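4 protein chains.
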Amino acid sequence: MRILAINFKAYETGFTDTAVEIAKAASRAVTIYNNVRVILAVPSPLVYRLSGIHEDLYLEHIDPVEYGSRTGYLPARALEHLPVKGTLLNHSEHKVTIRHIDYAIKTIHEIGKEILVCADTPQEAAALAHLEPDMIAVEPPELIGTGIPVSKAKPEVITSAVEAVHRIVPKIPVLAGAGISSPEDAAKAIELGAKGVLVASVVMKSKTPGKSLIELAEALSQ
Amino acid sequence: MRILAINFKAYETGFTDTAVEIAKAASRAVTIYNNVRVILAVPSPLVYRLSGIHEDLYLEHIDPVEYGSRTGYLPARALEHLPVKGTLLNHSEHKVTIRHIDYAIKTIHEIGKEILVCADTPQEAAALAHLEPDMIAVEPPELIGTGIPVSKAKPEVITSAVEAVHRIVPKIPVLAGAGISSPEDAAKAIELGAKGVLVASVVMKSKTPGKSLIELAEALSQ
Amino acid sequence: MRILAINFKAYETGFTDTAVEIAKAASRAVTIYNNVRVILAVPSPLVYRLSGIHEDLYLEHIDPVEYGSRTGYLPARALEHLPVKGTLLNHSEHKVTIRHIDYAIKTIHEIGKEILVCADTPQEAAALAHLEPDMIAVEPPELIGTGIPVSKAKPEVITSAVEAVHRIVPKIPVLAGAGISSPEDAAKAIELGAKGVLVASVVMKSKTPGKSLIELAEALSQ
Amino acid sequence: MRILAINFKAYETGFTDTAVEIAKAASRAVTIYNNVRVILAVPSPLVYRLSGIHEDLYLEHIDPVEYGSRTGYLPARALEHLPVKGTLLNHSEHKVTIRHIDYAIKTIHEIGKEILVCADTPQEAAALAHLEPDMIAVEPPELIGTGIPVSKAKPEVITSAVEAVHRIVPKIPVLAGAGISSPEDAAKAIELGAKGVLVASVVMKSKTPGKSLIELAEALSQ
Chain A
28 MRILAINFKA
38 YETGFTDTAV
48 EIAKAASRAV
58 TIYNNVRVIL
68 AVPSPLVYRL
78 SGIHEDLYLE
88 HIDPVEYGSR
98 TGYLPARALE
108 HLPVKGTLLN
118 HSEHKVTIRH
128 IDYAIKTIHE
138 IGKEILVCAD
148 TPQEAAALAH
158 LEPDMIAVEP
168 PELIGTGIPV
178 SKAKPEVITS
188 AVEAVHRIVP
198 KIPVLAGAGI
208 SSPEDAAKAI
218 ELGAKGVLVA
228 SVVMKSKTPG
238 KSLIELAEAL
248 SQ
Chain B
28 MRILAINFKA
38 YETGFTDTAV
48 EIAKAASRAV
58 TIYNNVRVIL
68 AVPSPLVYRL
78 SGIHEDLYLE
88 HIDPVEYGSR
98 TGYLPARALE
108 HLPVKGTLLN
118 HSEHKVTIRH
128 IDYAIKTIHE
138 IGKEILVCAD
148 TPQEAAALAH
158 LEPDMIAVEP
168 PELIGTGIPV
178 SKAKPEVITS
188 AVEAVHRIVP
198 KIPVLAGAGI
208 SSPEDAAKAI
218 ELGAKGVLVA
228 SVVMKSKTPG
238 KSLIELAEAL
248 SQ
Chain C
28 MRILAINFKA
38 YETGFTDTAV
48 EIAKAASRAV
58 TIYNNVRVIL
68 AVPSPLVYRL
78 SGIHEDLYLE
88 HIDPVEYGSR
98 TGYLPARALE
108 HLPVKGTLLN
118 HSEHKVTIRH
128 IDYAIKTIHE
138 IGKEILVCAD
148 TPQEAAALAH
158 LEPDMIAVEP
168 PELIGTGIPV
178 SKAKPEVITS
188 AVEAVHRIVP
198 KIPVLAGAGI
208 SSPEDAAKAI
218 ELGAKGVLVA
228 SVVMKSKTPG
238 KSLIELAEAL
248 SQ
Chain D
28 MRILAINFKA
38 YETGFTDTAV
48 EIAKAASRAV
58 TIYNNVRVIL
68 AVPSPLVYRL
78 SGIHEDLYLE
88 HIDPVEYGSR
98 TGYLPARALE
108 HLPVKGTLLN
118 HSEHKVTIRH
128 IDYAIKTIHE
138 IGKEILVCAD
148 TPQEAAALAH
158 LEPDMIAVEP
168 PELIGTGIPV
178 SKAKPEVITS
188 AVEAVHRIVP
198 KIPVLAGAGI
208 SSPEDAAKAI
218 ELGAKGVLVA
228 SVVMKSKTPG
238 KSLIELAEAL
248 SQ
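Residue numbers (my numbering), protein chains in the order written: chain A, 28 to 249; chain B, 28 to 249; chain C, 28 to 249; chain D, 28 to 249.
The following block holds chain A by itself, in its conformation from the complex (with noise of 0.2 angstroms):
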């Protein structure tokens, strides 16, 4: 199973119809490729309105907190009660504690959700391979939203970090993220023994989100 991850991140089109339209697309896309997974990481406020759209939907973090007096954050454990498969936690963008990794990962699999968690580096993604996530994505984040794939511009991060993760977990699936932006830089992903992308803007910014994520899943489905 190949496995497309897009994340909507704070863009506006993660707020409006747009959002549903990609939902839509990624519903069509699983139906045509079953061999893809299509996941949509989304603003947490937007669970219920896509969640009868398409059910593989993650929350894009979530705080390392219990149930409680806590205003404003989002337990782990809460996920229980959402309708989301599961989580990205540690992004880029939004780097937390190796604590709040392993309190998440912990959480999350007692009540039986998923945890995608982000890596700068293959050194990253090994150190992380130790508290078993459910899948790491590699993202260099110098190339982050630069068009510039680091399938192309850095396949060694790509082929280092799933080596180095199979070597303290072999089971764990190695996704590849940051400046992929056509099919052919996620085909390469692929190649190079990831199990699939984690991708933003190639989706999130097209003018035609639902023809750019059938694309994306078509070549992972070669």
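Hints in this document: simulated from the structure, not taken from any laboratory. A few of these clues could be false.
[Claimed, not checked] Heads up, simulated SDA-like pairs for lysine to any residue below, C-alpha to C-alpha not over 25 angstroms straight-line:
no., chain 1, residue 1, chain 2, residue 2
1, B, LYS181, B, GLY220
2, D, LYS232, D, GLU48
3, B, LYS122, A, ASP90
4, A, LYS122, B, ARG126
5, D, LYS133, C, TYR100
6, C, LYS122, C, SER228
7, D, LYS122, C, GLU93
8, A, LYS122, D, TYR94
9, B, LYS232, A, PRO200
10, A, LYS51, B, SER96
11, B, LYS122, B, ASP161
12, D, LYS238, D, SER208
13, D, LYS51, C, ILE195
14, D, LYS112, C, PRO110
15, D, LYS122, A, GLU159
16, C, LYS179, C, GLY220
17, A, LYS112, B, ASP44
18, A, LYS181, D, ARG126
19, A, LYS232, B, ASP90
20, B, LYS238, A, LYS122
21, B, LYS51, A, LYS179
22, B, LYS133, C, TYR100
23, D, LYS181, A, THR124
24, A, LYS51, B, HIS108
25, B, LYS232, B, SER96
26, D, LYS122, B, LYS232
27, A, LYS179, A, LYS234
28, A, LYS122, A, PRO200
These figures come from a predicted structure and were not determined experimentally.
Guided by the hints, dock chains B, C and D onto chain A, whose structure is given.
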């Protein structure tokens, strides 16, 4: 118009069917007591679940960022696309900088929504009045969650917050919060000059949350 | 008494022999111009290196914690044991919550030391005045480090900050900061009602930092 | 070489003449027990006060920033100009992101200084080993400050941290911490494979801190 603001915080009940029950009670309360406004400050993932039930929703917090590459952050401006009337900010459990508050107030006002900021003390309430939020809630942190009502234990906090805020900007409604655990406590806050109350556990941890809400609304309507 | 406050920030010169040279110049300046006070806000590790040279030292920041198990934090109260007169807080580059500021002001005053808080705008300066710090510096963040002096580019920021602060607490001296790059800029700030200036790069990045300091002190002494 | 690392934390004694007394005892200890290294991790303002007394000083924390306009932050690189051998980082009371740790380790090594990072668990210790710090201290947070020594209550934490770290990078010394309250506790940690201990209250809150330090050094020297 009297104001009953209910802060869901991160209580588990705020994520379950109890949240729906509370929203229904809020909707009923404003029909019965037409001089009372019931604001529900809800966890961000719940907004689309509850917006069809009670229309006077707030978020519990927003971030001082613009749209863009900011994974897991909630831009103040995004309220323009969400089915909420406004947001809480600077709650005792989620303190932010003055710059954050100033940015949020300006941005929220640009998009025609509301913002209620919290203060620990009359002094902080006066300070925040300079930034001209729509409402200010004063809550002595040492009483939050104790069941010891500010309106009985520290009535002078309410009266001096009202006076101090109105000396800066006369029109800003001041709410009282912390330890409000009965309709009498709420009524007492009104007597002291507050326009309403900000409560949490009295509803969220009640065995009959809908009933608790209705009783508070009734007390405020007198 | 006019005030020349020099913020060492984290410039490399603040950690080297240049720091000593600046401290010597400060000591000389207050001997020559006896109506000018020269405050050096220095990196915390430097206090014991510089305290024998110039006695009017401030820290650049302190934490809102009490003594105890708090590795790597600097309790406000610890100033009682350090050879400094006070501390800066809430600088544009290190914003903190109102609660943090309130705690710090109260604690610093309990131990008989001073605190200078920074504000981005006249509105924030007025808000902070309610907490009664010893001094308030107003610095429009968009001018910090630009070399475009607030006293020329935005004189109304200074005049309205002075007016707004004094409406709340008449005795608090207001300093002007951001872009002050010459003795003339400093003199102009005084004309506009400021009691002094808060500067950084004009001294810390000067080829002749001691000379730059003396010239600023001279301009303020007029 | 055995290692006795004493974390001054933010205890009041770390800011007073007691700090000097401890530094003198440290200096004496390394003269008496020449197979023991005594590292003092001290509050940043104390470095120039203590550097003439004991030369093996660490900071308790540093920030992941370069020199520049960063009021109140302490650049990792600034250690090149300070009379310290290195720094602690990621203590249980001051957790930071992996990116922060990675940056700090690289920067500290560029300038030829040392860095000791802390881990809550053997798993976190293994994760951090990938970043190749000079030393790793493992401290179960639930035992810190309790007086219940990790070496007795959870010996398996020490043995498995040592094993896990050495599987990644064989040469990294592992220290044990949390609840170490007697020379016996320290000796026991050595038996379990640790190269030394990281302690705080046993010295900082001792009625005879110098004596306590000497006794720990003696136990480690055996």
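To see whether the hints hold, each was checked on the structure:
no. : hint                   : in the structure
1   : B/LYS181 with B/GLY220 : holds, 13 angstroms
2   : D/LYS232 with D/GLU48  : holds, 13 angstroms
3   : B/LYS122 with A/ASP90  : holds, 16 angstroms
4   : A/LYS122 with B/ARG126 : holds, 22 angstroms
5   : D/LYS133 with C/TYR100 : holds, 23 angstroms
6   : C/LYS122 with C/SER228 : holds, 19 angstroms
7   : D/LYS122 with C/GLU93  : holds, 18 angstroms
8   : A/LYS122 with D/TYR94  : holds, 22 angstroms
9   : B/LYS232 with A/PRO200 : violated, 41 angstroms
10  : A/LYS51 with B/SER96   : holds, 23 angstroms
11  : B/LYS122 with B/ASP161 : holds, 18 angstroms
12  : D/LYS238 with D/SER208 : holds, 13 angstroms
13  : D/LYS51 with C/ILE195  : violated, 51 angstroms
14  : D/LYS112 with C/PRO110 : holds, 24 angstroms
15  : D/LYS122 with A/GLU159 : holds, 20 angstroms
16  : C/LYS179 with C/GLY220 : holds, 13 angstroms
17  : A/LYS112 with B/ASP44  : holds, 19 angstroms
18  : A/LYS181 with D/ARG126 : holds, 19 angstroms
19  : A/LYS232 with B/ASP90  : holds, 22 angstroms
20  : B/LYS238 with A/LYS122 : violated, 42 angstroms
21  : B/LYS51 with A/LYS179  : violated, 54 angstroms
22  : B/LYS133 with C/TYR100 : violated, 33 angstroms
23  : D/LYS181 with A/THR124 : holds, 24 angstroms
24  : A/LYS51 with B/HIS108  : holds, 19 angstroms
25  : B/LYS232 with B/SER96  : violated, 37 angstroms
26  : D/LYS122 with B/LYS232 : violated, 32 angstroms
27  : A/LYS179 with A/LYS234 : holds, 24 angstroms
28  : A/LYS122 with A/PRO200 : holds, 21 angstroms
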